[in-house]
Amino acid sequence: MTPKSDTLLAGLKNQDPRAIGRAISAVENNSHEAVALLSALDRDRIHHVLVLGITGPPGAGKSTLTSSLIRTLRHQKKRVGIIAVDPSSPISGGAILGDRIRMMDHALDPDVVVRSMATRGRLGGLCASAGATVRIMAASGCEVVLIETVGVGQSEMDIVRLADITLMVLAPGFGDDIQAMKAGLLEVADFLVVNKSDTQGAEALCMDMEQIFSAKEEKSGIKRVLQTVATENSGVEELLDSVHSFSLYITDNGIKEKRRDQALNAETLDWVIEMLRPRLIQALEKTPGKNDPRLRAEQLIKTLKLQ
Amino acid sequence: MTTEQSPYRVLIGKPGLDGHDRGAKFIARALRDEGFEVIYTGIRRTAAEIAATAIQEDVDVVGLSSLSGAHLRLFPEVVQELKNRGGADIPVLGGGVIPDEDIELLLKKGMNAIFTSGTPAATIIQSFTTASQQHRDHDAQK
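Chains as they are written, first to last, in my numbering: chain A, 1 to 307; chain B, 1001 to 1142.
A few of these clues could be false.
[Said to hold, decoys possible] Using C-beta positions, here's what the derived DEER-type ranges look like:
hint : chain 1 : residue 1 : chain 2 : residue 2 : range
1    : A       : Ile281    : B       : Pro1099   : 47 to 55 Å
2    : B       : Gly1019   : A       : Asp261    : 44 to 52 Å
3    : B       : Pro1099   : A       : Asp241    : 23 to 31 Å
4    : B       : Ala1140   : A       : Arg45     : 24 to 32 Å
5    : B       : Ile1125   : A       : Glu285    : 28 to 36 Å
6    : B       : Leu1072   : A       : Ile255    : 56 to 64 Å
7    : B       : Gly1019   : A       : Gln211    : 38 to 46 Å
8    : A       : Ile281    : B       : His1138   : 23 to 31 Å
9    : B       : Ala1140   : A       : Asp109    : 43 to 51 Å
Everything labelled a hint here was simulated from the structure, so no lab data went into it.
No residue lacks a Cβ here, since even glycine has one placed at the ideal position from N, Cα and C.
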């Protein structure tokens, strides 16, 4: 164990914001301390944390709903972690991470731990970073961790699958966006939140969604399509009640454990790709490049002696 | 081990009651286009909110913008709030409508650099890059 990881671990136990921020950077950048740090985290806390994924099209009100969820969870005296994911620019690699604007009400609350994360648009790494961040937040005493991300694109979908429970946020007037997302995300979503439910078209959207979700509801008996007006905090308590009931339901019948196992596998795979990436790029530069890519890939793997 | 350096993380914020955020947003976009990860906190923040956010997000640099004339009070307040939270090592850069005679005063009070409306974007980005790299080097020595 390095002295730096020692200091960070002590800081996590004391819920020191600087140490939490540092620890997350260490894993996000896969630096020296990461392994020592991650292997020494409090496993019991990690086991008990509830991880909620919040996704949906841009403009549906994810950040506002997240802020509203934070407020309600804080009323319940729960310490909350938030991972807000935004896309990196594919051209410059930079990113503007603006989800915090809607969460600034909680900026001075020591029991609200927010971390903005860019997708860094690369092969591997995001799932691994986010998963590790969940555990760091849990180890620093967070009882609930919210992962917020735009629900379009593969990396964003992968990250949502780290969650124990996934909420899909929709709002009236998003017709085509929703069509595009139906195939992928509606399948993994446990709850459908119709936000801005005081606006026109909300009822029709709810009815549509209830139809899609009726099969899921039958099994657990828990209402899966809920309405909120996040800007007014309305419907949020009911949403959390349903999430809580569902959490108990999936814990009792083993679904939660199964999901965690799947998430661990996804993260492990992500770490493997992340760790192999520099070697792959190096090998790629050494292999002459006129062959068919499929063939080249095979040659490349052979030179790495992975087979 | 990192084989390539991870992107610099910076916070861009507007302290105080000034709501003119064109400059802040311009810089945020310019930095993004140079490969920075920019945490944007929006307008009308207190110095404490900005400092607490910077610590949580573990940024390399904080950039402040003010066009209302309150920079002499607000910029050093952010420096102080960072110090209070164990973030004295995080450099703070500022820009906006700032008279020449205030610049030296602000630098004395712990600001890393000050930009005015005439400063070319490239100069500002270079300052963010230098300050970020210095912060990383300082970190690596610890």
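Hints, verified against the model:
no., hint, in the structure
1, A:Ile281 <-> B:Pro1099: 47 to 55 Å, "holds, 50 Å"
2, B:Gly1019 <-> A:Asp261: 44 to 52 Å, "holds, 49 Å"
3, B:Pro1099 <-> A:Asp241: 23 to 31 Å, "violated, 56 Å"
4, B:Ala1140 <-> A:Arg45: 24 to 32 Å, "holds, 30 Å"
5, B:Ile1125 <-> A:Glu285: 28 to 36 Å, "holds, 30 Å"
6, B:Leu1072 <-> A:Ile255: 56 to 64 Å, "holds, 58 Å"
7, B:Gly1019 <-> A:Gln211: 38 to 46 Å, "holds, 45 Å"
8, A:Ile281 <-> B:His1138: 23 to 31 Å, "holds, 29 Å"
9, B:Ala1140 <-> A:Asp109: 43 to 51 Å, "violated, 32 Å"
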